[in-house]
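> Chain residues, written in single-letter form:
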Amino acid sequence: MQTKAAVKKNKPSGNAKGGFGGWLKFQLHDWAKALKRDYDVYLLILPVVVYFVIFAYIPMYGIQIAFKNYSPALGFADSPWVGLDHLTRFINSLYFGRVIKNTLIMSVYSLIISIPAPVILALLFNEVRTKRLRVTMQAISYAPNFISTVVMVSMIIMFLTPQTGFVDSILRVFGYSAEQSIINEPSAFYHLYVWTGVWQGMGWSSVIYSAAIEGVPVDMYEAARLDGASKLKQIWYITIPSISPTIIILAIMAIGNVLNIGYEKVFLMQTSLNLTSSEIISTYVYKSGLQQAQYSFSTMVGLFNNVINFIILIIANSIAKRVSETSLW
Amino acid sequence: MSKKNNQIQLAASDKIFRGVALVILAFVMVIIIYPIWFVLVASFTNPLEIYQNAFLFWPKEFNFESYKLVFRDQDFITGFINSILYTLVGTTLNVVMNICGAYPLSKRNFKGKTFFTLMFTFTMFFSGGLIPTYLVVDALGLRNTFWAIIIPSAVGMYNIIIMRTYFQSRIPLELEEAAKVDGCTNFRLLLQIVLPLSVPIIAVIALYYGVGRWNDYFSAMIYITNRKLYPLQLVLREILLQNQASDMMDVVSDSGYSDRMMARLGLKYAVIVVSTVPIFVIYPLVQKFFAKGVMVGAIKG
Numbered sequence: 004m005q006t007k008a009a010v011k012k013n014k015p016s017g018n019a020k021g022g023f024g025g026w027l028k029f030q031l032h033d034w035a036k037a038l039k040r041d042y043d044v045y046l047l048i049l050p051v052v053v054y055f056v057i058f059a060y061i062p063m064y065g066i067q068i069a070f071k072n073y074s075p076a077l078g079f080a081d082s083p084w085v086g087l088d089h090l091t092r093f094i095n096s097l098y099f100g101r102v103i104k105n106t107l108i109m110s111v112y113s114l115i116i117s118i119p120a121p122v123i124l125a126l127l128f129n130e131v132r133t134k135r136l137r138v139t140m141q142a143i144s145y146a147p148n149f150i151s152t153v154v155m156v157s158m159i160i161m162f163l164t165p166q167t168g169f170v171d172s173i174l175r176v177f178g179y180s181a182e183q184s185i186i187n188e189p190s191a192f193y194h195l196y197v198w199t200g201v202w203q204g205m206g207w208s209s210v211i212y213s214a215a216i217e218g219v220p221v222d223m224y225e226a227a228r229l230d231g232a233s234k235l236k237q238i239w240y241i242t243i244p245s246i247s248p249t250i251i252i253l254a255i256m257a258i259g260n261v262l263n264i265g266y267e268k269v270f271l272m273q274t275s276l277n278l279t280s281s282e283i284i285s286t287y288v289y290k291s292g293l294q295q296a297q298y299s300f301s302t303m304v305g306l307f308n309n310v311i312n313f314i315i316l317i318i319a320n321s322i323a324k325r326v327s328e329t330s331l332w
Numbered sequence: 159m160s161k162k163n164n165q166i167q168l169a170a171s172d173k174i175f176r177g178v179a180l181v182i183l184a185f186v187m188v189i190i191i192y193p194i195w196f197v198l199v200a201s202f203t204n205p206l207e208i209y210q211n212a213f214l215f216w217p218k219e220f221n222f223e224s225y226k227l228v229f230r231d232q233d234f235i236t237g238f239i240n241s242i243l244y245t246l247v248g249t250t251l252n253v254v255m256n257i258c259g260a261y262p263l264s265k266r267n268f269k270g271k272t273f274f275t276l277m278f279t280f281t282m283f284f285s286g287g288l289i290p291t292y293l294v295v296d297a298l299g300l301r302n303t304f305w306a307i308i309i310p311s312a313v314g315m316y317n318i319i320i321m322r323t324y325f326q327s328r329i330p331l332e333l334e335e336a337a338k339v340d341g342c343t344n345f346r347l348l349l350q351i352v353l354p355l356s357v358p359i360i361a362v363i364a365l366y367y368g369v370g371r372w373n374d375y376f377s378a379m380i381y382i383t384n385r386k387l388y389p390l391q392l393v394l395r396e397i398l399l400q401n402q403a404s405d406m407m408d409v410v411s412d413s414g415y416s417d418r419m420m421a422r423l424g425l426k427y428a429v430i431v432v433s434t435v436p437i438f439v440i441y442p443l444v445q446k447f448f449a450k451g452v453m454v455g456a457i458k459g
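Going line by line, the protein sequences match chains A and B.
Using the working numbering, the letters of the first sequence map in sequence onto residues 4 to 332.
Using the working numbering, the letters of the second sequence map in sequence onto residues 159 to 459.
This list has only true hints and no planted wrong ones.
Subject to a maximum C-alpha distance of 25 Å in a straight line, what follows is the list of computed SDA-like cross-link-like pairs (lysine to any residue):
| id | chain 1 | residue 1 | chain 2 | residue 2 |
| --- | --- | --- | --- | --- |
| 1 | A | K39 | B | V254 |
| 2 | A | K236 | B | Q165 |
| 3 | A | K236 | B | N163 |
| 4 | A | K324 | A | N260 |
| 5 | A | K134 | B | F447 |
| 6 | B | K173 | A | I238 |
| 7 | B | K271 | A | L46 |
| 8 | A | K268 | B | W195 |
| 9 | A | K290 | B | Y381 |
| 10 | A | K28 | A | Y42 |
| 11 | B | K446 | A | G204 |
| 12 | B | K265 | A | W34 |
| 13 | B | K173 | A | G231 |
| 14 | B | K173 | A | Y224 |
| 15 | B | K446 | A | A214 |
| 16 | A | K268 | B | Y441 |
| 17 | A | K234 | A | A120 |
| 18 | B | K446 | A | T249 |
| 19 | B | K269 | A | F29 |
| 20 | A | K36 | B | L331 |
| 21 | A | K268 | B | Y316 |
| 22 | A | K268 | B | I189 |
| 23 | B | K271 | A | Y64 |
Here are some chain B residues pointing at chain A (derived, C-beta under 10 Å):
| id | residue |
| --- | --- |
| 24 | N164 |
| 25 | F175 |
| 26 | Y192 |
| 27 | N211 |
| 28 | N256 |
| 29 | P262 |
| 30 | V295 |
| 31 | A297 |
| 32 | L298 |
| 33 | P310 |
| 34 | N373 |
| 35 | T434 |
None of these hints come from the bench; they were simulated from the model.
Just so it is clear, CB atoms sit at the ideal spot from N, CA and C, and this is done for glycine as well.
Chain B extracted, bound-state conformation (with noise of 0.2 Å):
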């Protein structure tokens, strides 16, 4: 009887403790969600009205002067299509070059394996640093050229790890040995059985290059200063972050100021929102291979 009493009073408790769960997790998504719906929102409002309150839920009215301003931005349009350049050409590279680590490492029997992982793992942890990486970069004659972004950078022995553990995984000892047996070559045992095995794996690998890609800004500060090669994240440094001192520069001298302020206010909200939208218009597709792809790769290595 008593430890019936005890089993209900256990489910009260737990009832309390997943409602208290709930409305924790409840505030955490509203601060998760409120900053990017703001700029969504933002984005489409009359900037006069950013100015009038300071918490946006709906635009009053849909204004899409923000976004006519956008494309018109010459800078933005040019960083735009090298950044689509480089992510693709990048992010192809990089599993091309992800998967030649990670199959000969995944390999049974494969003589030299503990050399080679050991002198892959070690780049994870020790580097050359940046002033010595920059100055081979110069040597090699990539600055100002559109390869110094993209070979830099050709892969890291993280993504090699999670790949190498999907394929041990994921692909029978059998498979292979059957396949040796009927005289096959490990290049078109990769081509042929491995690789149409791997499809989830593939996909995550290339989002995780393909977004770092997309978003990263520092290689090209550092080797790049032909505007002409700017990646948008470059560009859009210049108009998010860098403009702010000239903007209050010409305070005085003009009278035109406060509209062409309001202007840039909104020009901004809209230059997130279509820089970001590339990104979340590729996630959703690569999603479902979540669950296949990632947790087999990341528990294990």
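So that you can see chain A by itself, here it is in the shape it has in the complex (with noise of 0.2 Å):
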């Protein structure tokens, strides 16, 4: 790389006038120079560059197996197109209703109730005067963030089995009767999902709020104080719209993954018996994508899950930059 830099510094140094040449010449040199004074800052970056195009654009790249009918043997680029084959034989399918339904109503429902979950948790800390206290109650409320989804499944199964699980116990004093599982029940997996998700991740994300709670200057409240602010108040008027940045980024982030819930946990949490309720489109990519090779159609069906969040995050930015003059860029 220095001699590259050393052999591209010997060629004439154009200014920015002389039209388009003379800008290539002027950028050229610059480059020259840029390399040769950080080259080592361009190696150290090299192989996070090399990870991104292989693990991240090379599979962008193969995209167009979603329009085409992939063979191992051509590859991605000279397998043969079929155009939105795919596409047209997923929107016509027995599962599209059904996967493009539960992923809208699990992602909202579970937007709706873990975006301002850890708000109010942090905002709880925060009225516990004894740091001694909070710290511990905060490092309580991480502890299930660490817990694998494997571990965290099967918890819930097992809680919710008949006869063992304590919560079945409780579930059956408010009336729960059936004989199997409530896991089975396809009207319950989406509160399941949604709940037990809070009760693993609502500490861990209460984190960066409390920190941005410490962060609101104390006069603002003694201030409030002296004008006679209630406690509730002082929260809405002072708290809530302080830390609103930092509120309004995470939820764009989470709203831009939308339907990218969590896979890895819904499809452990799948029976054969709640499937009308637990197949997600990228469950549903998985299984018919690596369990029946069928490589192109579940490419479009990913492709189809991955552009429509697109649309979501570009859309939900642009309302947080018109409400609130913060966003994402």
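With the hints as a guide, bring both chains together as one complex.
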């Protein structure tokens, strides 16, 4: 890299004048200088660039097989084109309505619950004056975050097992009477997915809001107290507006990932009896793609998911920009 | 006078508010702790008790049978060792790559910074998806090798951003310039000045990646079919989630069934504890860095 930089440097160094050619020369010269000065920084970033090219951009290039009939022998580029056949097949398939509905319901439901929950928890933590107690409670609330998906789902299933699961016993006190576990109940699946997610993630997500709340200047509260603002009013008019940029950024990120819901968890929570509620786009991609080896078809399904996701992200960002002047870009 | 009265009223209402907040928090804490506590107690309990009592608070007598079963399970031990290797090697690679990505992007005048930032950030929001990624890994011949778990998740832009922000806000520009004047190369600057100043963020990032590695089952499920390479989470999945059907099959034929069933239940709880303990051991060691590490990186990012 060093020698390349040296060679480039020997080229005549044009100035910005002289049209495109001059501009190009100027740019090259500039790059040569940068390469020479910071060659070690470029060496550092090289493996990361290579990684993203191989494991992010080549797969993106491979998305073209969604419009082709992929054959392993021919590879991404040479497989024959079939246009939108796979998309039509997906839209006309029995599963289309079901997986779209489940994906949308579960993602919207979990957004509505999981965005405010950690904010509320952080506000509650803020009311604990004894620092030690607060720190202990926070540490406890982080714990579920470290439990693996496999363990989390098996805990859900074990606790819901009739006879031995304590959550099942509680449910029965409140009138659940079916013989089987409620995990098999399609009507309960959304709630199970979302609320166990809150149990697991709420504490950890609250960390960032707690930090933001600590950053709110104390004299604002003092001034408000002198003006006779109650605690609730202080929270509503001082704390929440102060931390709202953090909330909005995290909310946009969450909304941008709206359709990438925790398929690893959903996949493990699926039983043959709850599939009408639990089959989502990504688990469908896995099953049709890797278990049944319909590579092109499931790439199309995945692309469909990805594109909608991206559009939602852009919309969410532009709304946030208009409403609050906080946005990702 | 009325203002003073007002303040007194205010103080009273604040007290009520705080009281309500504490009650709600206490309730939340119970909901968070009890399931974890239940698993812990159940693992030390004679499985018969789990059948007899809906709620467990303390084992009647400590029973280690379930743990003996765990450590006799060869698959579990292989998985445990594999997962330690995956986690150590994988996390090391993650942290090194993360530094390689974050340090250049944190430099003030690094030509191409915007380009690289855009290139990396785009991958946070758009990806090739499961199948094309799988086909690339397959084409590279990684499938069913140790590296199939390690390499495809070598680094993530989210963590790069956190670390970059930390570098930018914690390493003073003057320090960098002084080092430059002394003829220090960027690389030496990184090794001798930036990294020693960044221990908190490195610890936190390592924890993020490490927990992700230890808990990952999906990439192994996709890329690994050789049982000798199974990570712990895949073994757990078999023990905890997949054997239910076969358990029910041999109900009729067998008189020792209920005993086996009970032993199985105890085993499940013990397996959960043993597989989760490593994370809960490491977490407190890293926790003291959180205040310094995450907050700076995360909020400004």
